[in-house]
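These are the residues of each chain, in order.
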Amino acid sequence: MHIPDGYLGPATSGVLYVVMIPVWIAASNIVKKTLKAAQVPLLAIGAAFSFIIMMFNVPIPGGTTGHAVGAALAAIILGPWAACIAVTVALVIQALLFGDGGITAIGANCFNMAFIMPFTAYFIYKLISGKSAPESNIRIIAAAIAGYVSLNIAALFTAVEFGLQPLLHHTAGGQALYCPYGLNVALIAMMSEHLLIFGWIEALVTGLAVKYLQKHKEIPIS
Amino acid sequence: MRKKSGDFIERSLAEAVLFLKNSIFAEEYASRNGFLRSRATRAKILTIALILLAVLFTKSVLFLLGLYILCLIVAKASSISLGFFLKRTWIFIPMFALIIAVPALFSAFSPGEPLVTFKIFNAAFVITRQGAGAAAIFFMRVLTSVSWTVLLALTTRHFVLLKALRSFGIPQIFVMTLGMCYRYIYLLLDIFYNTHTAIKSRVGFISSSRKSRGVVGWNMANLWQRSYKLQNDVYSAMLSRGYNADVRVLDENGKSI
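Chains V and E supply the protein sequences, listed in that same order. By this note's numbering, the letter at position 197 of the first sequence is numbered 197, and the numbering carries on one by one without gaps. By this note's numbering, the letter at position 41 of the second sequence is numbered 263, and the numbering carries on one by one without gaps.
What the hints contain is simulated information worked out from the structure, not anything from laboratory work. Keep in mind that a hint or two might mislead.
[Claimed, not checked] Below, computed lysine-lysine pairings styled on BS3-like, alpha-carbon distance capped at 30 Å:
#  : chain 1 : residue 1 : chain 2 : residue 2
1  : E       : Lys385    : V       : Lys36
2  : V       : Lys131    : V       : Lys211
3  : E       : Lys298    : E       : Lys266
4  : V       : Lys126    : E       : Lys451
5  : V       : Lys33     : V       : Lys126
6  : V       : Lys211    : V       : Lys36
7  : E       : Lys385    : E       : Lys298
8  : V       : Lys131    : E       : Lys451
9  : E       : Lys298    : V       : Lys36
10 : E       : Lys451    : V       : Lys211
11 : E       : Lys385    : V       : Lys32
Just chain V, same shape as in the assembly:
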């Protein structure tokens, strides 16, 4: 889901940077107020954790593997605002130091994976788990559903961003200047693989991790 440079035109990249700036400022202010001094390293560790999660290959039926984003798990553990910072940091390091995800697309990548995904996951998790006991199985199911739905919503936003490019940026002769495929192709390509494969990976990883954390009660989850 990492969008490299060159896939999105200036309008989309610019708008999503502008959208993300107040989100980053709000996240920074909220986390500063709510995070205790002793928990400051937790944010950095959370970001490194998110980075590492994206490196895990998960086996899926048919002998293939995929990887999770980890934003849903980060949101459930850290809360959505701290998860927003943690995933942003992981994405910035990937873009700046390893060229994975573009620099001009940082706004878009963060919008999809550090804003839409953790917030969707957090609210779905809270909605389903309600006032259930911390050790309840409902929380595992809630975490898995939150992982599946949030990843697919993030993928939907990514597909729309891709699919809008030929409409927004083309020459008089109809030559696409950025991502060359319209919504009809982008939506089918992105959503089929995320609905059928990657969503299940995110669900599985998030659910199993919450199950493990429930067993080790010394670690609080949101």
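Given chain V's structure and the hints, the job is docking chain E onto it.
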């Protein structure tokens, strides 16, 4: 998604090791002398950011080609082996962009003026002028952007690059988290590696996909558990070094930035 055989954890570890290798190699490169390495970090970041913006806005393939050749010249002038640079910049993202660009050549996706027509098993394929133009500009844009970004990473020490963000008004919490996170990635990878070795030495190889998925979930949660416990030690270490909620970072000359 990758279709491979063998142990998925081994593959994850192989990727992690490759990541470490690339990262250490990049640091080694960045610490050598060369044209771009001797430039001021902020000026370098600003210049490359402007180039990336030019790449984003241009509608000319020739201009992109010019910027790409300029990138190769600057890389060479910065004492970076071209073989290494091309390998680093062509693998994965531009290759992936190339694969994505191929269908765009044809009339099914890019209707327009026919450029080349050919038949495979009685099925006619038409490459259009619009499709060829779209594929060329898309691919060159991705390749040029990736190359300049990698060049920045190869000619700037990573911690200096992350610290320089502070001077661009990025909130302190982000810069501090970036700097600390960069170090923890190595530590967590080490924990990941040791955990895998421990699993292998105790239970041997994991056979079924179902068990494998359980192991992945367990690994991630275990990693979080250990990370969570680590924070207290880290905070104590920060306090012992004079941490008072205000973070100061030093440049290469030991001056506060």
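Tested hints:
no.: 1; hint: E:Lys385 to V:Lys36; in the structure: holds, 23 Å
no.: 2; hint: V:Lys131 to V:Lys211; in the structure: holds, 17 Å
no.: 3; hint: E:Lys298 to E:Lys266; in the structure: holds, 16 Å
no.: 4; hint: V:Lys126 to E:Lys451; in the structure: holds, 25 Å
no.: 5; hint: V:Lys33 to V:Lys126; in the structure: holds, 22 Å
no.: 6; hint: V:Lys211 to V:Lys36; in the structure: holds, 26 Å
no.: 7; hint: E:Lys385 to E:Lys298; in the structure: holds, 26 Å
no.: 8; hint: V:Lys131 to E:Lys451; in the structure: holds, 27 Å
no.: 9; hint: E:Lys298 to V:Lys36; in the structure: violated, 48 Å
no.: 10; hint: E:Lys451 to V:Lys211; in the structure: holds, 18 Å
no.: 11; hint: E:Lys385 to V:Lys32; in the structure: holds, 20 Å
Checked against the numbered hints given earlier, the structure breaks only hint 9 and satisfies all the rest.
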